[in-house]
Structure formats: C-alpha cells, structure tokens
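A.B. asks: Each chain is listed here by its residues.
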Amino acid sequence: MHEVSIAQSIADTLMQEYDESELEKVREIHVRVGMLSGVEHKLLEHVFTFVIDGTALSKSILKTELTEVIAFCVHCQAEFKVEQYIFTCPSCNSPSSDVRQGNELTICKIIMEEPIYEETNK
Amino acid sequence: MKKLTNKAVGTLRVQDVSLNLLKANDYIADMIRGKMKDKNILLVNLVSSPGSGKTSLLEETIKRIKDKVSIAVLEGDLETERDAERIRKQGVQALQIVTQGICHLEAQMIEQAMPKMDFTDTELLFIENVGNLVCPASYDLGEDYRVTLVSCTEGDDKPKKYPSMFLTTDIMLVTKTDLLPYVPFSVEAVIKDAKEVNNNIGIFTLSSLKGEGMDEWCDWLLEKVKEKKEAHVAEAVS
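Protein sequence lines, in the order shown, are assigned to chains A and B.
Residue numbers for the first sequence follow this note's numbering, so the first one is 1 and each next one is one higher.
Residue numbers for the second sequence follow this note's numbering, so the first one is 1 and each next one is one higher.
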C-alpha cells in the first residue's frame with residue numbers, strides 16, 4: 001500500500017550515500033523484502049521506474065528478493081521456518097515470536113557500470 | 001582476440017551493501033522515545049482497521065480517567081479535523097495530523113507535531129494512527145505500547161490476515177463486544193490466532209458504548225503511567 005513511499009526512500013537513501021556521478025553509473029539495485037514487511041515486491045519494482053524518472057538513477061532497475069520468515073526457538077536453541085504465520089517451533093511446539101528474518105527492507109546490493117573507452121582494432 | 005569496433009565497454013562493479021530503508025524512521029522514533037522518557041509521558045500508539053472504534057474508545061477512556069491523569073492526543077487521518085474535534089469536546093488537548101493521502105503515520109510527522117503541543121503536565125499521550133492494519137506496522141513512532149483494536153464486526157480472522165501488525169502489537173483490544181450476540185465472531189478464535197502469531201500479546205475485551213471491560217483497560221493504563229514514572233524516579237536515584 002505504501003510502495004511509492006518505499007520506492008522514494010530507496011532513491012533518497014542512495015542519493016544520500018552516493019554523489020551524482022556515481023548514481024548515474026547504477027544499473028541494478030537489489031532490495032531484500034521480508035514477507036512480514038507488508039510490501040508488495042513486484043509492485044515496488046514497478047513504481048520504482050516512475051520514481052526515478054528524470055533523476056540520476058534513471059538508468060537503473062530495481063530487483064527485489066523476497067525473504068521468508070525465520071524465528072528462533074529458545075528451548076531448542078535453533079531457528080525455524082515460520083509457515084502460515086504460526087509462530088510455534090515445529091520441534092518442541094513452544095511459541096516464539098523472536099523473528100530473525102522476514103522483517104527486512106534493505107538495499108543489499110548495487111551494481112554499477114564503469115564505462116571504459118577501449119581502443120580496439122589495434 | 002581483436003574486436004572490430006570502437007565502442008564503450010562497461011565493466012560491472014558489484015557492491016554489497018546493507019542500507020536499511022526504515023533507518024531514518026527508527027532514528028527519529030528513538031529520539032521521540034528519549035523525549036517521552038525525559039518528560040515522563042507514557043506513549044500509546046493505537047492502530048486498527050478503519051471503523052473499529054479507536055476514536056470512540058479514546059472518548060470513553062478520557063471520560064473515565066481524565067481526572068486521574070493528564071492526557072493529550074495526536075490524531076492521524078488522511079483528511080479532516082473531525083477526530084481531533086471529537087477529542088477536544090472531552091476537554092483534553094488534541095492535535096490533528098492530516099496525512100493527505102499517506103496511509104500511515106511516520107515518526108517524522110510526530111516529531112514535527114510535538115512542538116505544537118503543550119506537554120507541561122501531560123502524563124499520557126495517545127497517538128491515534130491512520131485506520132489501516134498494513135502499513136502502520138512498519139513504522140515505530142517511539143511508543144511504549146502498541147495497542148491494536150479488532151472489532152467484533154470485522155471478523156475473527158484479522159490476526160492471521162495481518163500478521164505483521166499483530167507480531168508488533170503489545171496489547172490487542174477486542175472491541176464492540178456488545179454486538180457479540182448478533183455477529184458470527186468468536187473471541188476464543190481471535191485470541192487463539194493472535195497467540196499463534198504473538199504469544200506475548202496482552203488481551204482485553206471491551207465495549208466503549210456499554211462500558212463492559214472498560215475498567216480493566218483503564219486500570220491497565222493507569223498502572224502503566226505509574227510504572228513509567230516510578231522507573232524514571234528509580235533511575236534518577238541510582
């Protein structure tokens with residue numbers, strides 16, 4: 001529902017971290033989207049194209065990677081995958097909402113293109 | 001091997017980074033938390049779907065406890081001043097944040113609104129979030145407690161449909177219980193689902209209209225206001 005604000009904050013975050021000449025080299029931005037983050041990842045990729053239009057990032061595309069929900073069980077001292085939003089350890093059945101993965105909304109990778117004008121045909 | 005043309009050849013440089021997109025919000029939320037601690041104010045963030053009775057709950061809560069604690073309210077809505085006006089009629093300070101289409105409140109909005117309020121005597125500050133069970137879940141506002149309302153008319157499947165919200169909720173209030181005889185809503189089922197998502201969730205059932213369960217809720221609030229003050233005193237002594 002708030003994908004446009006998230007797309008805007010991806011652009012803003014990068015604009016804070018890099019200067020304009022570097023932003024122009026960005027070709028791919030990879031964002032990790034947790035299943036609990038409430039973000040529709042395909043929609044985010046789509047709205048991003050509108051947000052960057054006319055900016056230094058306009059040659060980049062956004063790629064999202066959906067991460068599943070992982071919680072930690074204190075009794076078993078082990079992580080488990082949360083299915084169907086049931087936050088119960090499958091081994092010992094004790095409840096745990098200690099989420100270790102699934103909330104993230106993080107830029108994890110940036111791919112830049114460094115143009116080199118090579119003299120060929122020599 | 002020789003290439004046949006002169007052209008720009010790009011090398012791709014891959015950078016692994018970790019930039020949290022909600023970092024700015026969380027930073028401001030921590031600032032708000034610090035301010036509220038210094039001022040001894042208990043901050044409660046009320047969230048729910050539209051129409052589950054957040055404003056009615058506030059009106060009734062204020063009526064019952066405004067003589068015991070000093071209350072202020074920040075109202076978040078997409079449009080109109082209406083909710084803040086309803087709260088002011090109860091004789092407490094209220095400020096409306098109009099988000100103009102944004103579906104949630106962000107810490108920045110709270111930070112900007114705060115200087116417009118007078119917190120000299122305030123002991124309890126409510127933030128009534130925009131009616132939405134999805135987006136407000138991601139935005140920490142610096143609250144001590146996140147309280148989520150589920151009304152009996154909405155259906156008992158809400159915790160499983162909106163797990164992110166219930167996972168970050170401290171207290172779930174099942175509201176409009178006066179309508180229970182007329183709707184196919186199971187309090188047991190909603191509690192079971194909420195506990196499956198978040199086993200630490202606290203639960204109250206109440207009706208703002210008829211008053212049933214309101215005493216328990218108000219006592220809880222008063223207790224938490226007291227606890228926050230005592231923690232502050234204890235820290236000052238040590």
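It is worth saying that the hints were derived from the structure and are not from the lab.
Heads up, some of the hints might be wrong.
To be clear about the criterion: a stretch of chain A counts as covered by chain B if any three or more of its residues have a C-beta under 8 Å from a C-beta of chain B, and this derived list gives those stretches [as the list claims (entries may be wrong)]:
| hint | stretch |
| --- | --- |
| 1 | 54–66 |
| 2 | 100–108 |
Using 25 Å as the maximum straight-line C-alpha spacing, the simulated DSS-like pairs for lysine-lysine come out as follows [what the hints assert, rightly or not]:
| hint | chain 1 | residue 1 | chain 2 | residue 2 |
| --- | --- | --- | --- | --- |
| 3 | A | K42 | B | K23 |
| 4 | B | K192 | B | K63 |
| 5 | B | K192 | B | K89 |
| 6 | B | K195 | A | K81 |
| 7 | A | K42 | B | K89 |
The structure presented is a predicted model; accordingly, all values stated were derived computationally and were not measured.
Note that beta-carbon positions come from the ideal geometry of N, C-alpha and C, so glycine has one too.
A.B. asks: Run every hint past the structure and note whether it holds.
C.D. replies: Here's how the hints hold up against the structure:
1. With a threshold of 8 Å between beta carbons, the proposed coverage of the stretch 54–66 of chain A by chain B is violated, since 0 of its residues qualify and at least three are required.
2. For the stretch 100–108 of chain A, the proposed coverage by chain B is satisfied: 6 residues have a C-beta within less than 8 Å of a C-beta in that chain, meeting the threshold of three.
3. Restraint check for K42(A) and K23(B): satisfied, since their Cα atoms lie roughly 22 Å apart, inside the 25 Å limit.
4. Straight-line distance between C-alpha atoms of K192(B) and K63(B) comes to about 32 Å, which puts the hinted pair past the 25 Å bound.
5. Restraint check for K192(B) and K89(B): the C-alpha separation of about 38 Å exceeds 25 Å, so the hint is violated.
6. Our distance criterion of 25 Å between C-alpha atoms is met by K195(B) and K81(A), whose separation comes to about 17 Å.
7. Straight-line distance between C-alpha atoms of K42(A) and K89(B) comes to about 45 Å, which puts the hinted pair past the 25 Å bound.
In summary, the numbered hints that this structure violates are 1, 4, 5, 7.
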